[in-house]
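**Student:** Residue numbers (my numbering), protein chains in the order written: chain A, 1 to 62; chain B, 63 to 279; chain C, 280 to 707; chain D, 708 to 954.
These are calculated hints, taken from the structure and not from any lab test.
What you are looking at is a predicted structure, and each value in this text was computed from that prediction instead of being measured.
One or more hints might be untrue.
List time: in silico DSS-like cross-link candidates among lysine-lysine, alpha-carbon distance up to 30 Å [to be verified]: (1) D:Lys786 x C:Lys661; (2) D:Lys786 x D:Lys837; (3) D:Lys715 x D:Lys786; (4) D:Lys927 x C:Lys582; (5) D:Lys927 x D:Lys905.
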Amino acid sequence: MGHYRTGILIVLVLAVLTVVEFYIALVTHSVVFLMLIAALKAGLVIWFFMHVKRLWAAEGGH
Amino acid sequence: MAASTTPMKAAGHAGAHDDAHAPTETYAERLRLNRLGMWLFFISEAFLFGALLAARFYLWGDTRPDLDQVVGLIVTSVLLLSSASMYIADTAAEHGQWRVFSVAAWITMILGLVFLFGVMIFEWGLFPSIYKAHLTPWDSKYGAVVFAMTGMHAFHVITGIALIFIMWNLARKRRFTPERHWGVEASAIYWHYVDVVWIFFYPALYLIGSVVHLTGH
Amino acid sequence: MTLLLSALVGGWDSGWTMYPPLSLQGSVGYQFVFWSVFAIGLSSILGSLNLIATILLMRPKGMSMFRMPIFCWAVLATSIIQLTATQFIGIDFLLLSFERSLGMPIFNPMMVEGVNMGGEPLLHQHLFWFYSHPAVYVFVLPGLGIISELLPVFSRKPLFGYRWVALSSIAIALVGFLVWGHHMFTSGYQPYLRVAFMISTLLVAVPTGVKFFSWLGTMWGGRLTFPTPMLFTLGSISVFLIGGLSGPVLATTTTDLFLHDTYFVVGHFHATIFGGFVFPFFAAIYFWYPKITGRMYNEALGKWHFWLMTPAFWVMSIGQMSVGVMGMRRHIADYDAGLGIATGQLWITLAGFVIAFSILLMIYNLFSSAEVGRVAGANPWKSRSPEWQIASPVPDISYPAPIRVVGEPYDYGLLGSPNYVAVGAGDD
Amino acid sequence: MSKSSSDKRHFIIVAVLVVVTTVVMGIVLNGVLELPVAASVQAHTVDWLFRVHMWLIAFLFALVSVFMVYSFVVFRRGKRQDEGEHFEGNTTLEILWTALPLVAVAVFAYIGVVTLNTVTSAPPDEMVIKVEGAQWLWNFTYPDGTLSTNELVVPVDQNLTMQMSSKDVIHDFWVPEWRVKEDVVPGLTTTVHYTTDKTGEFDMMCNQVCGLNHTLMIAKVKVVTQEEFATWQQAQLVKQDLQTASR
């Protein structure tokens, strides 16, 4: 299971952030807050799930 | 064209001396090109979804329709879980664990379908016998934007599921190795991308703005 | 094809900007237009994706970004625009077609008890111009790239300030994303946007100015010769100058409130597109003709083409601007005789016919010279670009061995400075 | 003359030529481009800025074209067989011709903002006329209820505010003699302000494509004296009463 640990950790963080989003929306309608959290979530997905840094890897490394 | 190296990363290229100068490109070079192409495609698509978000903020401003919050949270979670299973599938392919890959790919496809049907049943109201949705695309700007945004997203979900199915089938025929599985990687990052889009769509549709109760339906 | 078919089922009558609600009223022809633009948009996105990937990853050895032919920089800047902005018009026309067919109220207002529950016509203008302004640069940037490419060859001098010219292309492309609102100065949007878009639009003048001054710097102290491609390059500069200089009056909201949607705009637009695209396009055709066919075009006919077309074009665009100032609206098929613009219109029309005739000359020239033209040889212009170092017409396998670029692309005046050497396989 | 491009004499000659060309072009441009009669206070501001811009254009045109034509003449290859001088650029010059246009842009943007404010701000004591555009005619409603179709009669030396709405598609309110125009958009109320300062008859044209008869969507504008205006309004009201009575 070792290879999958990061992925599962990130999913947990994403889940927590989603719940936080939901509760923030109950108290405030702030576009900025919610979009910031969304950007953070998107950043996590892009970095850890989509491996954006492989773009800069000269070798076909995984 | 001839073999290539970018000057920015020339140092990292030192290892691939074998046939780097032959007119045909190596797998590593093709992989770089494929990856770049895929990411350029993502950038391009970002503007597509960005335009939809812009339309949403332009038309709705600080209001939103009264969408079912439970449905929103559930479909969002389902898509998130599917991203997790896709991550497992991708990592499994990297390590040659094809059984894990196959199971995880199927979980992803099923979760994707659950998401799709969730939207179709509860937001679009395609099956009124199960659930009567109150929005239609033609009654107001609220329905119009919801349908435009979820519709465009659903289109990407469908293509994503199709891609994963094709990759599962190719993997079944042993077309991939831990070293060479660009197809799996591409469908995985595509699937995650669809998730990223929803990460922005979810607050835009369900959370931001104060609820407007539509009258006369 | 579908665009042409559209004419059969009623065409479209809102002009190319397709402003709703008008575009929601007309015939089925509109649907054809929407779908054909959608298809063309898709092809242009995929094309630009290919070009960016090629430029970033498939350069020959030794050709760093700042050793590329300057035209490649222009193409890179263009592709960035096409890759991204095109999606906006795609989604815009998709929504328009849905509004037409399903009645989704995205653009057409729908008043319910004094509250607008429907769409906003201005949303279309925002989405449309966010693409369509940069789209103009999609035409113009490669043209400016061709000017920058050809001037050094015929001046026998390096391109003045290569890096600045290259980066100014990127700058124009990026600023181009911030100026769409100047098409909407009179549209009734929020007044503060007028100020913001006025400033961003005026800023376009800066990178454009860099290009002009660099061209002058390239010619200054050179050894100028004037074959047809050079004539068209200079013609482009002169016409683009007219187009560019008529820009600030339109960019400044105050004067634009008067000039908006008049023939002045038509004149401005024609001058920028002809100067930035059509003239450089002709220059490029004449320049690369020997490389493509292996034969020279007819120089005398080429010069006739130029000397007919360029003055005619000056008459036409300045004529359009002057009738615009006198009150001629654009987008109309007929004009009011009372405006006193009949003479002006006559001149414009005559100039138009002269331009058309001169282009016929070129077409005849291109076809006939392919048969009877003098054999050109590999490098009739003594250019330093790699494509001129191989035989004309280009053989199937362009470079028998991979090449390594060792020199600057525009080292004219440095005798014996090599541009590239062929490297054997395995020689790293 | 010396053929070296850095010779000072080249630059002196070019500078003189630029000045001469600027003056000539400025005069020619302002002569060739004849604006319609200016019949509103706003029009004078617009015209003033237009003329200022013409001088800017004249200068920039002279700058580029003189350098270009001078190069054609002096730096042509002729019978020489050598290459051009080898210099690849000049960073100081590049910075200079990036910075100076920036300053010019700032100045013109400032002038633009100030004048924009003058021509678009609401004047005091204005007469608010409701304008409705429909395919393909214009309806005007005056403060006292006077109605008029395709004919706008207004008194001279009067501050006017047009409150515009559209029945169907986008139209545009434009009287060339008043210069400023503004779109008439369905779902929105747009406004535009004028101060008339000249009597006369003008055309008010729709300037946003609005379908088949867009070209003919023209209303007559009559700027008349205060007395004439009162008479017209009276007559118009009587006509309206007769119409309602006969209905």
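**Student:** May I ask which of the numbered hints given earlier this structure violates, with the numbers listed in increasing order?
**Tutor:** Those not satisfied are hints 2 and 4.
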